[in-house]
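Could you build the full structure based on these sequences and the hints that come with them?
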Amino acid sequence: MRRIEAIALAAGTAEAQDALLVCNIGFPSRELFAVNDRVGNFYMLGSMGLASSIGLGLALARPGRRVIVLDGDGSVLMNLGTLATIAHRAPKNYLLAILDNCCYGSTGSQSTCTHLGTDLEKIAKGAGVAGARTVTDAEGFSRALQDDGVVVMKVEVGNADVPVIDLSPQQLLSRFVKAASMPPVNE
Amino acid sequence: MNPSTAVYRGMKRAGIDFAASVPCVNLQQLLALAGGDPAIIHVPVTREEEGVGLCAGAWMGGRRPALLMQNSGLGNCINALASLDQLFGIPLLMIISHRGSAGEPMVGQMPMGRLTAGLLDTMEIASFSPTPSEAEETVERAWCLAAKEGKPVAVLLDLEFWRGK
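In order, the protein sequence lines correspond to chains A and B. Going by the working numbering, 54 is the number at position 54 of the first sequence; the sequence numbering is gapless. Going by the working numbering, 319 is the number at position 132 of the second sequence; the sequence numbering is gapless.
Certain hints may be false.
As the list claims (entries may be wrong) - Below, in silico cross-link-like pairs of lysine-lysine (BS3-like), each with a Cα-Cα straight-line distance of 25 Å or less:
| hint | chain 1 | residue 1 | chain 2 | residue 2 |
| --- | --- | --- | --- | --- |
| 1 | B | Lys199 | B | Lys338 |
| 2 | A | Lys178 | B | Lys352 |
| 3 | A | Lys154 | A | Lys178 |
| 4 | B | Lys338 | A | Lys92 |
To be verified - Here are the simulated distance ranges between beta carbons:
| hint | chain 1 | residue 1 | chain 2 | residue 2 | range |
| --- | --- | --- | --- | --- | --- |
| 5 | B | Gly351 | A | Asp166 | 51 to 61 Å |
| 6 | A | Thr107 | B | Lys352 | 48 to 58 Å |
| 7 | A | Arg38 | B | Gly249 | 13 to 23 Å |
| 8 | A | Val164 | B | Ala289 | 45 to 55 Å |
| 9 | A | Ala16 | B | Gly351 | 51 to 61 Å |
| 10 | A | Ala138 | B | Pro292 | 37 to 47 Å |
| 11 | A | Ala16 | B | Thr318 | 49 to 59 Å |
| 12 | B | Ala226 | A | Val39 | 54 to 64 Å |
| 13 | B | Gln216 | A | Val162 | 30 to 40 Å |
| 14 | B | Gln216 | A | Ala90 | 26 to 36 Å |
| 15 | A | Arg89 | B | Arg200 | 50 to 60 Å |
| 16 | B | Gly351 | A | Val39 | 41 to 51 Å |
Note that these hints are calculated values from the structure, not bench results. Computed from a predicted structure; not experimentally measured. A virtual CB, placed ideally from N, CA and C, is assigned to each residue, including glycine.
Shown next, in the form of structure tokens:
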């Protein structure tokens, strides 16, 4: 599956679940903005490695709201401690979806260690996320998107031809904070 | 007043209800106070930068966040403070134990001890260094500045402070 297709699938699911969606820096955020922009999407423009942490803080602050994080293999490798913190807190309203294309896709597709066999599912399990799993197709990813914890979704190398996000950081943040402050639809 | 109690009271006055932390020997009492407070969600993190992310997310979710750490950890979060908090305009109260100041017994603390004030200055992060008797009010004021201006603010507490001076 192409990454943009996995992102579209996750974004559609998040919309159906009224979930807040925190997205990783670089092309993933641009692809999400292109395929399904919502006020409930947070596009992380800097701070590589911290999407999972931002989402966790949000999930702990708003236990009644579902939070999905779209992260990458390179970014999670940069902040592996996040998996231990996620395991320790284990909020039921939080899912970390790692889109693993085995490379740094936004900087020229240089290989990450997952290309050499580093297994993020096993690292997550070792950190204490018992239900961590790896999926490789739309069906498996769809099922995982209904769950909490950590899922590694294997995707193809390559970025879609999408424009840069044309909203300012302040615009992106203020509309997201407003969306995050709303009570859940099913409450 | 006990220095840790003074900082904790300042956090309470500011309405801090979310704290991420990496320990320092001088933060022991404060971490116990924050960790034992049911009104504060306290998340020990593995690295200070992770705490910047957690605090940013918690603020987006309506909380008032503080990051409790040693000044060595400031070096671990510089990019996140700039390209997350300062870029988007997200407030953060940083309570920093400043090691490597006068009377420091550990040689390994000296380099960051010497550089901390300059790093904060370069990053245009406002910094306060109260005495224990000033700390309660200063901590509240530091959060108010962070919230008003949407940026990280530091309260820098050196060895003298923790000795109660």
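Tested hints:
no.	hint	in the structure
1	B:Lys199 / B:Lys338	20 Å, holds
2	A:Lys178 / B:Lys352	44 Å, violated
3	A:Lys154 / A:Lys178	33 Å, violated
4	B:Lys338 / A:Lys92	30 Å, violated
5	B:Gly351 / A:Asp166: 51 to 61 Å	54 Å, holds
6	A:Thr107 / B:Lys352: 48 to 58 Å	49 Å, holds
7	A:Arg38 / B:Gly249: 13 to 23 Å	19 Å, holds
8	A:Val164 / B:Ala289: 45 to 55 Å	49 Å, holds
9	A:Ala16 / B:Gly351: 51 to 61 Å	57 Å, holds
10	A:Ala138 / B:Pro292: 37 to 47 Å	59 Å, violated
11	A:Ala16 / B:Thr318: 49 to 59 Å	55 Å, holds
12	B:Ala226 / A:Val39: 54 to 64 Å	30 Å, violated
13	B:Gln216 / A:Val162: 30 to 40 Å	51 Å, violated
14	B:Gln216 / A:Ala90: 26 to 36 Å	28 Å, holds
15	A:Arg89 / B:Arg200: 50 to 60 Å	27 Å, violated
16	B:Gly351 / A:Val39: 41 to 51 Å	49 Å, holds
This entry does not satisfy hints 2, 3, 4, 10, 12, 13, 15, going by the numbered hints stated previously.
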